[in-house]
Amino acid sequence: MSDKLLFKDIDEPGLNTLAVYRRRGGYEALRQALQLAPEDVLKQLEASGLRGRGGAGFAMGKKVSFLPKGSMDKYLVCNADESEPGTFKDRELMQKSPHMLLEGIVIASYAAGANRSFIYIRGEYVLQADVLDAALAEAREAGYIGEQILGSEHSLSLVVHRGAGAYICGEETGLLDSLEGKRGNPRLKPPFPANQGLYQGPTLINNVETLSTVPTIMRMGGEEYAKLGVQTSTGTKLVSISGQVRRPGNYEIELGIPSREIIFGLAGGPLEGRQIKCWFPGGSSAPVLTAEDLDVPYDFDSLAKAGSMLGSGAIIVVDDSTPIVELAIKLAKFYRHESCGKCTPCREGTNWTVEMLERIDSGEATPMDLDIMASVQEHIIGNCLCVLGDAMAMPIGSMIAKFRPEFEAHIESARARADLNPAHPAGHTAGHQAGASEQALAAQGAPGA
Amino acid sequence: MPRPEPKTITFTIDGLEVQAPENVMLVDAAKHGDVEIPVFCYEPKLGNPVGACRMCLVEIEGIGKLQTGCSTPVKDGMVVHTQTERVKIAQQAVVEFLLINHPLDCPVCDKGGECPLQDITFGWGPGHSRFIEPKRHFVKPLELSPTIAIDRERCILCYRCARFSQEISEDHQLVLLERGAHSYISTFDGHPYVAPFSGNIVELCPVGALTSLPYRFRARPWDVEDAGSVCTLCPSQCNVTLTVRDDRVLRVLARQNDEVDDGWLCDRGRFAYPALGGDERITEPLIRDGGELRPVSWERALEAAASGLKRAGERTGAIAGGQATGEEGFLLARLLREGLGSPHLDSRRAGTLPLELHRALSDPALQAKISDLEFAHSVLVLDADPIEDMPILDLRLRKGVRRHDMKLLEASSEDLPALRELALSLGQHGEDVVILWHERLTAGPNGPAATQALLEIAASLSMSEVPGAGLLEIPAGSNGRGLREAGVLPNAGPGLCELDDAPGRDARGIAEALIAGELAALYLLQSDPLEELPERDLWEQALERASTVVAHASFLTDGLRAHADVVFPSEAYAEKEGTVVHPDGRLQRLRPAVARPGKFGSTLAGWQVLAKVASRLDLDLGVLTGSMASQQLFDAVPFYAGLTLEEIGGRGVRWQERETAVTS
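Note that the protein sequences, when read in sequence, are chains A and B. Position one of the first sequence corresponds to residue 9 (this note's numbering), numbered consecutively onward. Position one of the second sequence corresponds to residue -5 (this note's numbering), numbered consecutively onward.
Hints are computed from structural coordinates only; laboratory data are not their basis. Careful, some of the hints might be misleading.
Stated by the list, open to error - Label pairs and their computed distance ranges (CB to CB):
no., chain 1, residue 1, chain 2, residue 2, range
1, A, Gly131, B, Lys129, 43 to 53 Å
2, B, Gly106, A, Lys197, 29 to 39 Å
3, A, Arg191, B, Lys129, 23 to 33 Å
4, B, Pro190, A, Thr25, 57 to 67 Å
5, A, Pro266, B, Arg396, 53 to 63 Å
6, A, Gly315, B, Lys25, 38 to 48 Å
The C-beta atom is built at its ideal place from N, Cα and C for all residues, glycine as well.
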């Protein structure tokens, strides 16, 4: 594809080294940016219409402009926690083209007036963190990061910080707490990080892909970049396709192309003899869409209009061989496990949902439980401290709404199986196992016991 | 530092236009319109809201999502709805979520009847639950500390106790372990939560997850009565509510007074109450008979005390301990000066302070108050250890540092030039500096010079002119300030007035005179010199030599058991009537919450004993009731002029802030 930007040279051997990256024109955008005033760099970012690639899709230039002016310590934090199930685009970017991220960070920090920056990378990305560390050492040596970068007045320190593996640390304020050395719990917003973020200072937080796009925008010019894609979703996007497709992987697409073109064209469609049952357009926290929605253009607004979201750009395809209840259980368990426990609806709602789903699976539920489960999802959505609760409730809610007959059939068949063999309820007995482990946990956490 | 000045705004809540101070959180602003928004995790004492429980969701026009009222500052023109269907559904949902893992064991829960979770469930809950799965189980109850039980099944994970530990007492012991639905409150490695202010978490807990072990299963809320009083176990004089059942104090709770305690209590104040009803309390008058103290009738004890004192006459000395009220001190001084003609009485532990220095230190313009500690630019702690001397100040100082960037320094008066340099460096640009110092600064050979230096520093920093600046003394005795103001000093009468006669001996002087045989009798008003005063050996000898020792005491301590000739049972603070003075000059009122000890509360009040002894010495003190004693005290101290018990009320009155203080 000729319109590749981020992935233009991605398979070039040695792109992770400074020499190769520079041969491919690397750090020229930075040199160019430093010759402009920070406000002019910011103007380019705003003109590009670039929307955050991490999940929320907030306009990046606007986010930068929210940072207060002045001489206080400002921070830039790159969110490399990439923990949304199905998302693995940042991994490839960091592993193969770390300098592009570093260059983007320096340019963005110049526009934002930030002098300290961090890359918060998930603990599981050991190789990628090592690659980043090596690239950072090279960039420092070459004077792209450090004091008075390329002879300009701009200085920037950069630390690669490895997380310890928690989904919630991908939530921006949870990430900040974790980075400060605390338990990674989300904070109340407002204040937003732009005003009070890391160490209470103004902080710009962006995703790896967002920041990696910045050099391209500088090179092309914001307005030129904005011509790519569609009106409110400009530019190109990396899409991670996984699940039951023939050619899973990362693809760079121009925003606004039909989703079918991605799933069938790029990823080769479902496996031999299978039909698409549902697909997550933007990571596991996006409400599921069905085969009927395959012609929805793949961009922020069209997916929102279709009742889902672009999220992190991770398409997970599920075919008709997967029971929807199993999918729901897997998903809900993930979010229950990752809920930090700080706010009530998420803590209790995710747990309750898992228990209800397990009851459905073990033949102890009635179709009435579906109504309760659906209403529990509604009670979670919009009422939580951060979006983790919504991230479970939205897809589960959409599954119940779109596959109710299958849920009901599952309830009936599980009940029938349980009736045949009452001593051993059918399906998973995970509910009982969880109960046992909770008791073990309680015994463990018993001071003075 | 300038104090925040609230601006009043108008906003609309449930269709009602309400005025409230700008930027207070909606849940508080709503109260101005008599609207209650339910909360669990919100507690302004704990600092910034965390928005964890989600109970306070409200609808604000112009904002799409429901907002937490606990974290949304009210703005002019805001339109808020708390009664819409959307809000109701969300609130019911939160209650339902909170209850799915709550054991609902209210009938056996100490909190039952005074439980926010119960109240909110009734007021805002759905009335039923759809949860039929097994509930979460924990081993319970466990001892979180020797005084606190934790029931993790009842816990709704509101974070209040952890926030207290992290952000108020800053002992950093309580944390949440695990995550999600498995979260539970614990200490890092299961160690007991032992900290000077740990008991506050029991009061903060909005459910029955944290309960007080001494109070556990002692009473239900409908069995008890609340009685407001003041804890006089230390100079902090925290305001308390005593939980009383069947004439026994079963619990001590904080009674929030921001000018005194900010609503916190130390563990000593909270958990020392069982001693009030202990078997070791003295409940009858005792006199020494054949070397042993034996119970006798009041008549005999009063007679014995009077005859001993009469024999000694002006060769009597008296010591008042910090637990005595101003009234008792005042009557004791009258008994000594008018009844016996003796000027030898003291209530200070640090020795005599020359009257002019004493007066200079008491200058109303120089006095800092408790809230100044929080807002001052800097606080210099001088010769004091707040956590030992006046524990509640520890929390106030931490609050100042954490929330108002107050600068906190510690110094000793041993090196005066260094002290002077340090203190003056703090106020170079007219900043408000508060010096928190302890009575011990004036003691010893260095005392007079240190006192002089302190006054000079105060003058150099223009403390009397800079708003919020000043001196704050921690006296050794709980009511040290009140006793001095009542005239229990060898060199001053009530209100620090000059005496007509020559000054008497101070505490040390009394001991020396007893040893030398110049004094014969000793009157101990709630004081055992062996326990409270320095130089124990000196006092052993003095008590040995004294021909008559009359004491008012609640417990038979070493000195009294060995040396007292007459012991009158005295009331503890929960039984007392009278006034005490807080170190910053706030007169506070003690009210009897339970009857005095003895059969049917038969013992006499301290003021009564003093009056009866006086009458046997042919002095009519003219007090027939406790309030008459208070009136005499208010009349005698010029700067208390016109004060009444009603004016003091439940919150206390700083005499420096009364109009008469300026004129007198």
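Tested hints:
1. At about 33 Å, the CB distance of A:Gly131 to B:Lys129 disagrees with the hint of 43 to 53 Å.
2. Checked against the hint of 29 to 39 Å, the pair B:Gly106 and A:Lys197 passes, with Cβ atoms roughly 36 Å apart.
3. Between A:Arg191 and B:Lys129 the C-beta distance comes to about 25 Å, which sits within the given range of 23 to 33 Å.
4. Evaluation of the 57 to 67 Å hint for B:Pro190 and A:Thr25 yields a pass: the beta carbon distance comes to about 58 Å.
5. Take A:Pro266 and B:Arg396: their Cβ atoms lie about 56 Å apart, and the range 53 to 63 Å holds.
6. Between A:Gly315 and B:Lys25 the beta carbons are some 41 Å apart, a value that agrees with the proposed interval 38 to 48 Å.
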